[in-house]
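**Q** Listed below are the residues making up each chain.
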Amino acid sequence: MTFSETYAAGECLKSPLVQRFARLIEPCSDATIQRMARESSALTRRHFGKTMRLFAPIYLSNECINSCSYCGFSRENAILRVTLELEETAREADHLVKEGYRNILLVAGEHPKFVSGDYLLRTIERLRPMVPSLSLEVAPMETEEYAPLVKAGADGLVVYQETYHAETYREMHLTGPKKDYAWRLDCPERAYAAGFRRIGIGALFGLWKWQEEAIALAAHLEHLQKNCWKSQLTVSMPRLRPAAGEFQPRYILPDREFIQVMCALRLCFPHVGIVLSTREMPELRDAIAPLGVTMMSAGSHTEPGGYTGQGKDKLHQTVRGKAQEPTGGERAEEQFAISDARSTAEVAARLRELGLEPVWKDWDPAILNAA
Amino acid sequence: MSGTLKIADREFNSRLLMGTGKFSSNEVMRDALDASGCEIVTVALRRADLTGKNDPFANILEFIDPQRYLLLPNTSGANTAEEAVRLARLAAAAGLPKWVKLEIHPDPHYLLPDPIETLKAAEVLVKEGFTVLPYINADPVLAKRLQDVGTATVMPLGSPIGSNRGVETRALIEIIISQATVPVVVDAGIGAPSHAAEALELGADAVLVNTAVAAAGNPVAMARAFRKAVEAAREAVEAGLPTQLDHAEATSPLSTFLQSA
Chain A
256 MTFSETYAAG ECLKSPLVQR FARLIEPCSD ATIQRMARES SALTRRHFGK
306 TMRLFAPIYL SNECINSCSY CGFSRENAIL RVTLELEETA READHLVKEG
356 YRNILLVAGE HPKFVSGDYL LRTIERLRPM VPSLSLEVAP METEEYAPLV
406 KAGADGLVVY QETYHAETYR EMHLTGPKKD YAWRLDCPER AYAAGFRRIG
456 IGALFGLWKW QEEAIALAAH LEHLQKNCWK SQLTVSMPRL RPAAGEFQPR
506 YILPDREFIQ VMCALRLCFP HVGIVLSTRE MPELRDAIAP LGVTMMSAGS
556 HTEPGGYTGQ GKDKLHQTVR GKAQEPTGGE RAEEQFAISD ARSTAEVAAR
606 LRELGLEPVW KDWDPAILNA A
Chain B
6 MSGTLKIADR EFNSRLLMGT GKFSSNEVMR DALDASGCEI VTVALRRADL
56 TGKNDPFANI LEFIDPQRYL LLPNTSGANT AEEAVRLARL AAAAGLPKWV
106 KLEIHPDPHY LLPDPIETLK AAEVLVKEGF TVLPYINADP VLAKRLQDVG
156 TATVMPLGSP IGSNRGVETR ALIEIIISQA TVPVVVDAGI GAPSHAAEAL
206 ELGADAVLVN TAVAAAGNPV AMARAFRKAV EAAREAVEAG LPTQLDHAEA
256 TSPLSTFLQS A
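Each protein sequence line maps, in turn, to chains A and B.
Under the working numbering, the first residue of the first sequence is numbered 256, with each subsequent residue one higher.
Under the working numbering, the first residue of the second sequence is numbered 6, with each subsequent residue one higher.
By construction, these hints were calculated from the structure, which means they are not laboratory data.
Cβ atoms here follow ideal geometry from the backbone N, Cα and C, with glycine treated the same way.
All the pointers check out, no bait thrown in.
Sample of chain A residues with no beta-carbon within 12 Å of chain B, all distances over it, derived:
id : residue
1  : 342
2  : 381
3  : 425
4  : 503
5  : 507
6  : 522
Pairs of lysine-lysine residues, derived as DSS-like cross-links and limited to a Cα-Cα distance of at most 25 Å, are as follows:
id : chain 1 : residue 1 : chain 2 : residue 2
7  : A       : 406       : B       : 125
8  : B       : 149       : B       : 103
9  : B       : 149       : B       : 132
10 : A       : 464       : A       : 434
11 : B       : 58        : A       : 353
12 : A       : 406       : A       : 485
13 : A       : 368       : A       : 434
14 : A       : 577       : A       : 368
15 : A       : 485       : B       : 125
Given these sequences and hints, build the entire structure.
**A** Here's what the structure looks like:
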């Protein structure tokens with residue numbers, strides 16, 4: 256059974272592990288959170304050592320045919336859009352490689368015309384000799400569509416369910432292929448079948464009750480641990496940030512509970528990677544980096560061309576799926592506003608101060624023969 | 006009994022092998038290696054630069070003096086025999102020693118070794134002239150099969166990697182040791198100097214330690230502690246450990262009889 260079937264049946268919420276997770280995120284005293292944080296930190300050191308894997312995203316395109324209430328790229332938003340051409344992406348990658356990154360996440364909105372399978376394939380082939388580890392965060396695909404991308408050297412796939420609450424999901428995703436809740440929910444399993452070595456899941460906190468989202472996330476992790484046992488799993492718990500469209504979070508996951516959920520994930524899933532992005536403030540990132548996080552982005556831009564100003568001359572609006580005449584402009588619209596604007600070097604230096612070694616390269620493309 | 010450890014055609018004074026993952030910095034790692042007195046150091050190839058470009062962001066090898074240590078590349082990250090063989094070949098082509106710690110763990114969470122793929126890869130690599138040190142479950146039959154293929158050691162796990170639980174596979178490791186024609190190196194799970202000593206006292210030829218040192222509050226001091234424990238245990242083995250009995254025994258059991266006779 257795929258996770259969408261298991262989850263709909265509700266059985267997975269009764270597993271002892273998920274039950275334990277649910278107890279760990281119940282309201283608790285400061286002393287309890289402190290204890291969880293200590294345990295979480297110790298487990299993380301034991302399994303991941305005193306290290307932090309660093310990565311950076313490259314936004315390839317902010318074109319999108321979906322209409323999602325909370326997302327800056329939503330097709331309804333009259334924003335400046337662009338899709339990077341191959342050499343433009345290579346220049347963005349070159350900038351990140353010089354900063355130290357050997358793990359790059361390629362991100363794009365969903366638009367089959369601008370971001371086709373072939374476009375992604377050519378992008379991976381172009382970046383492969385420059386970047387040891389490439390992951391994708393793009394619209395869900397079929398296993399057969401993923402396979403050539405894996406073969407070309409993409410080793411990771413990230414897909415966030417946004418909300419596990421089916422009703423809220425329907426409400427948030429008004430039009431476009433993303434409307435299909437189950438199709439997205441089963442995406443990690445299709446990615447696994449295609450051979451991705453790292454699979455990242457997450458929920459976007461702010462759309463529905465955080466307790467329910469967190470429990471669903473735990474159930475999803477447990478399912479993937481059992482069924483996708485050859486993939487390194489990572490989990491992320493992004494909190495909704497300001498973006499074009501001015502959507503306001505309906506449910507707030509406060510800092511204290513955010514930390515509690517992260518520690519609970521670590522205690523229940525000692526071997527799963529935990530990802531922390533630049534959505535969070537520097538103070539919070541520094542405070543929780545040693546507690547359970549194993550993978551961080553830094554110095555990120557969430558707009559295409561953001562690192563080196565690529566694609567500026569082609570900025571345009573897109574109306575009913577059709578690109579309008581380029582208007583020019585300063586930069587493409589970002590997906591969301593980041594909170595930690597520190598440079599890569601600053602974040603790396605801070606991690607060293609915290610006693611953590613920034614790890615840039617921990618994967619070699621030769622393993623998959625994609626060198 | 007000679008005090009040295011002989012693997013393939015090389016002799017080593019130290020019976021402590023060290024891993025290089027999980028350290029808070031390359032500098033700390035270097036100092037811990039120094040304090041451990043080890044002579045064999047294993048490095049995950051996926052963390053090194055194999056292109057010859059001297060990547061400053063993947064420069065772990067620069068912190069390991071090849072004059073002082075035998076650098077033992079490991080194939081961590083490989084899921085299959087094919088991938089492990091490819092990595093080993095690449096390392097040799099990059100000028101690293103033609104030695105390989107063969108690690109194939111398709112499960113990235115528990116890092117438990119795949120016996121089938123490991124045996125397959127060992128066959129290929131031995132034929133190609135590699136000195137192969139395979140990381141395996143404490144499975145005596147697999148250990149023998151690997152020795153038949155020609156591996157230079159067998160490296161059974163004491164308990165899962167990073168668990169610090171010590172030699173939980175004791176009964177099986179005893180069998181592996183009793184049947185071994187190559188050095189037995191207990192790898193993984195060694196969480197305290199006493200665990201390392203226990204493995205050597207059992208008759209293992211050496212131990213490989215990483216997490217217990219790297220994740221310690223003071224890795225350099227912990228490395229030193231492991232060095233002492235391994236040296237003490239080896240000295241005890243060479244001195245002749247007394248056999249353990251399950252009942253009390255007088256110091257001179259025959260004396261009363263002899264006196265009365």
